[in-house]
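Assemble chain B onto chain A, guided by the hints.
Read off the chains here:
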Amino acid sequence: MMREPALPKMSARNDEHTLAKARTGIDGLDEITGGGLPKGRPTLVCGGPGCGKTLLAMEFLVRGATQFAEPGAFITFEETGEELAQNVRSLGFDLDSLVKDRKLALDYVRVEPAEIEETGEYDLEGLFVRLGLAIDSVGAKRVVLDTIESLFGGFQNEAVLRSELRRLFRWLKDKGVTAVITGERGDGSLTRQGLEEYVSDCVILLDHRVIEQSSTRRLRIVKYRGSVHGTNEYPFLIDEEGISVLPVTGLGLDHEASTERVSSGVARLDAMLGGKGYYRGSSILISGTAGTGKTSLAAHFADATCRRDERCLYLAFEESPAQLLRNMASIGLRLEPYLKKGLLRIHASRPTLYGLEMHLVQIHKMVSEFEPRAVIVDPISNFVSTGTNRDAQAMLLRLVDFLKARQVTALFTHLTAGGRPIEATDVGISSIIDTWLLVREIELGGTRKRGLYVVKSRGMQHSNEIRELQITADGVELKTVSGARHKEGRAS
Amino acid sequence: MSSTERWDLRLYTAGQSPKSLAALSNLKRICDQHLAGRYSIEVIDLMKNPRLAKDDEIIAIPTLVRKLPAPLRKIIGDLSDEERALVGLQLRPHRNGAQK
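Sequences listed follow chains A and B, in order.
Each residue of the first sequence is one higher than the one before, counting from 1125 in my numbering.
Each residue of the second sequence is one higher than the one before, counting from 5 in my numbering.
Just chain B, same shape as in the assembly:
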């Protein structure tokens, strides 16, 4: 994965719930650490735009969708488990080190 690649992330939330707020701040921290200067985060509040839930087949809240780089990845939860978040985003290899 090249280090100039742009990251396009979308975070689905529902209102200003503690889980949603936690997810956003956790996400920003992770991105600043690992993807500084080459990421964008779009926050979609399903309370305001319920129709958008269909697009990415959102069931759980919060859900983070990695639109770019492909392939599309989905991570659910408030991202408080940073290890798993990094694995989910493929920013860290699996325990067996097969990726990256």
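Bound conformation, chain A alone:
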């Protein structure tokens, strides 16, 4: 498994010398661009239909107007102002009031497709006049042209068009506005009309793929002249608050390792883990076949976390919150009060609803908002069903890195298929897991019982005994297996 290369450390001071940047305010995008788009210069945002380029451009303007006191002008060649306002209203952008407050100018330029007779020399001065008017009407510092390629459908003289586009981008630079130009992805080129030839400072490519029926949006900085930037494909999400890009900020392996220990919520399990439980900020995997008590162990950990007055995020991919609360109450774990106190948040969704990376972006967002000290993913195995094995591994790695960097303890449950060698975790995530517990059915004296043992636990002396796991009305109990050695063993 490859770790993503770390992003170069971006020194704000250095960047100031080379290139001023206009912050987009878009979650994650400023991180991967090292501070935003090139200020006072045009940026090309390209991608296929429905990739989110209009939305990204609009969010750039709206956030500029509302967060950075930079009014914006949006020139659309495709949608009418009304359509546009409607499309972005669902994202909580109230264009009408921004327009009323003179923070945003909207102009819809209608390009009539080639029904215009061309009778000699002309230029596109009319467009410049309209742009200038829109910019001046609000004192715009940011400008969006969406999608300027529509002009190619309206004029036959391509030579004129191209020289006018060149003049336009120069004119925008002279105006000192930070511009976003959107372009439709072409065959074998970034944009159909080769706009990348004119906009050379910064090019962002958006992509919307549907793989095995789940959709994944990705963003890539193709080019950013004079600036370091992340070169990966970054998954992004469009939700009711706009765009969030998941920065793969190369956390790598340089996160801190805490020596603090946190209880697993089961005293006997803490005892097996060097007497103190898990390490804070470590990653824990509980794997086992169906019905072996993985969720119960996870719930114990949630309970212990909230008991310490720490927030816990529980991502349930098989049960609804109500179902989870009911089932856990039946074994004596009352989680509801924590829910009411705001210490516990349960987020339930079907893993197949989105692609892997969309889940990752969503988790990322929830963690940033809720700031939990512990995150439980129950179960992680369902993700395998939504992507290829390699994808699942990469996603887990990102998730673990992200949580570790924040010193969030992560607990994953994993359903192993029966009949497989027990140590073969489908996801192959052992290498990124610090503490690995395995629950399996064992036969004892002619009866089937659940046995728990510690496969590994980094950095601590842990027991290597098998304990019998019983689920009682008072929670999980770990019993010494009769006949087994009674000494807590040492692992290598």
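Simulated from the structure, these hints should not be mistaken for laboratory data.
Be aware that a few hints might be false.
[As the list claims (entries may be wrong)] With beta-carbon atoms standing in for the labels, derived distance ranges:
id, chain 1, residue 1, chain 2, residue 2, range
1, A, 1349, B, 40, 50 to 60 Å
2, B, 94, A, 1291, 29 to 39 Å
3, A, 1299, B, 25, 24 to 34 Å
4, B, 32, A, 1282, 47 to 57 Å
5, B, 25, A, 1282, 52 to 62 Å
6, A, 1333, B, 76, 40 to 50 Å
7, B, 76, A, 1299, 28 to 38 Å
8, A, 1192, B, 40, 58 to 68 Å
9, B, 55, A, 1466, 27 to 37 Å
[Claimed, not checked] Here chain A is said to cover these stretches of chain B; the calculated rule only asks that three of the stretch's residues, wherever they fall, bring their Cβ under 8 Å from a Cβ of chain A:
id, stretch
10, 15-29
11, 34-45
12, 52-58
13, 84-95
[Stated by the list, open to error] Straight-line Cα separation of at most 25 Å, BS3-like style, residue types lysine-lysine; simulated pairs:
id, chain 1, residue 1, chain 2, residue 2
14, A, 1347, A, 1400
15, B, 71, A, 1299
16, B, 58, A, 1224
17, B, 32, B, 52
18, A, 1297, B, 58
19, A, 1299, B, 58
20, A, 1603, A, 1580
21, B, 23, B, 71
22, B, 23, B, 78
23, A, 1163, A, 1347
24, B, 32, B, 78
25, B, 52, A, 1297
26, A, 1224, A, 1400
27, A, 1489, A, 1465
28, A, 1603, A, 1573
We put the beta carbon where it would ideally sit given N, CA and C, even for glycine.
Just chain B now, kept in the frame of chain A:
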């Protein structure tokens, strides 16, 4: 098209550029030849009245708009290609002779 019909034309320009001046003189010549006594030309300089660009969705300069007779027609360029200008204004039939 009756020969008494009034022609209402609007020419969009941007300042006194050579293209704009050429368009105006070409237009006057065409009108005098084909529409003598029954045309009016309104010249709109977008440098002076930028807001008017929106009304007729003007992008290219110069643009000639035939307001009357309906339907509205738009012709861009300096009208130096008289043949195409006449076709655009529907003062001359298309090559296939389907119109007029």
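Against the structure, the hints:
1. A hinted range of 50 to 60 Å holds for the C-beta pair residue 1349 (chain A) and residue 40 (chain B), which are about 59 Å apart.
2. Against the hinted window of 29 to 39 Å, the Cβ-Cβ separation of residue 94 (chain B) and residue 1291 (chain A) comes to about 33 Å, which satisfies the hint.
3. A hinted range of 24 to 34 Å for the beta carbons of residue 1299 (chain A) and residue 25 (chain B) is consistent with their spacing of about 27 Å.
4. The hinted range of 47 to 57 Å is not satisfied by residue 32 (chain B) and residue 1282 (chain A), whose Cβ atoms lie roughly 30 Å apart.
5. Roughly 26 Å separates the CB atoms of residue 25 (chain B) and residue 1282 (chain A), a value that falls outside the hinted 52 to 62 Å.
6. At roughly 44 Å, the beta carbons of residue 1333 (chain A) and residue 76 (chain B) sit within the given window of 40 to 50 Å.
7. Look at residue 76 (chain B) against residue 1299 (chain A): about 33 Å separates their beta carbons, and that is inside 28 to 38 Å.
8. For residue 1192 (chain A) paired with residue 40 (chain B), a C-beta distance near 60 Å keeps the hint of 58 to 68 Å intact.
9. As the Cβ distance of residue 55 (chain B) to residue 1466 (chain A) is approximately 53 Å, the hint placing it in 27 to 37 Å is violated.
10. Evaluation of the coverage hint for the stretch 15-29 of chain B: fulfilled, as 6 residues show C-beta separations to chain A shorter than 8 Å, against a requirement of three.
11. Closer than 8 Å: that is the beta-carbon criterion, and the stretch 34-45 of chain B has 0 residues meeting it against chain A, so the requirement of 3 is violated.
12. Counting residues of the stretch 52-58 of chain B whose beta carbon lies closer than 8 Å to any beta carbon of chain A gives 4, which reaches the threshold of three, so the coverage claim holds.
13. With 7 residues carrying a beta carbon less than 8 Å from a beta carbon of chain A, the stretch 84-95 of chain B meets the three-residue requirement, and the given coverage holds.
14. Between residue 1347 (chain A) and residue 1400 (chain A) the CA atoms are separated by roughly 50 Å; this puts the pair beyond 25 Å, and the hint is violated.
15. Restraint check: the Cα-Cα separation between residue 71 (chain B) and residue 1299 (chain A) comes to about 35 Å, which exceeds 25 Å; the hinted pair is violated.
16. Only pairs whose Cα atoms come within 25 Å are accepted, and residue 58 (chain B) paired with residue 1224 (chain A) is accepted, the gap being roughly 19 Å.
17. A hinted pair counts as satisfied when its Cα atoms are at most 25 Å apart, and residue 32 (chain B) with residue 52 (chain B) qualifies at roughly 22 Å.
18. In summary, the hint linking residue 1297 (chain A) to residue 58 (chain B) is supported, as the alpha carbons are separated by about 24 Å, within the 25 Å threshold.
19. The hinted pair formed by residue 1299 (chain A) and residue 58 (chain B) meets the criterion: a straight-line CA distance of about 21 Å does not exceed 25 Å.
20. Distance hint between residue 1603 (chain A) and residue 1580 (chain A) is fulfilled; the C-alpha atoms sit about 20 Å from each other, no more than 25 Å.
21. Between residue 23 (chain B) and residue 71 (chain B), the direct Cα distance comes to roughly 22 Å. Compliance with the 25 Å bound is thereby established for this hinted pair.
22. Between the alpha carbons of residue 23 (chain B) and residue 78 (chain B) the distance comes to roughly 17 Å, so the proposed pair stays at or under 25 Å and holds.
23. Restraint check for residue 1163 (chain A) and residue 1347 (chain A): the C-alpha separation of about 15 Å stays at or below 25 Å, so the hint holds.
24. A distance of roughly 16 Å separates the Cα atoms of residue 32 (chain B) and residue 78 (chain B); the hinted pair therefore holds under the 25 Å criterion.
25. For the suggested pair residue 52 (chain B) and residue 1297 (chain A), the alpha carbons sit about 24 Å apart, so the restraint of at most 25 Å is met.
26. With a C-alpha separation of about 61 Å, the suggested pairing of residue 1224 (chain A) with residue 1400 (chain A) is violated against the 25 Å cut-off.
27. With a C-alpha separation of about 21 Å, the suggested pair residue 1489 (chain A) and residue 1465 (chain A) falls inside the 25 Å cut-off, and the hint holds.
28. At roughly 11 Å between alpha-carbon atoms, residue 1603 (chain A) and residue 1573 (chain A) fall within 25 Å of each other, so this suggested pair holds.
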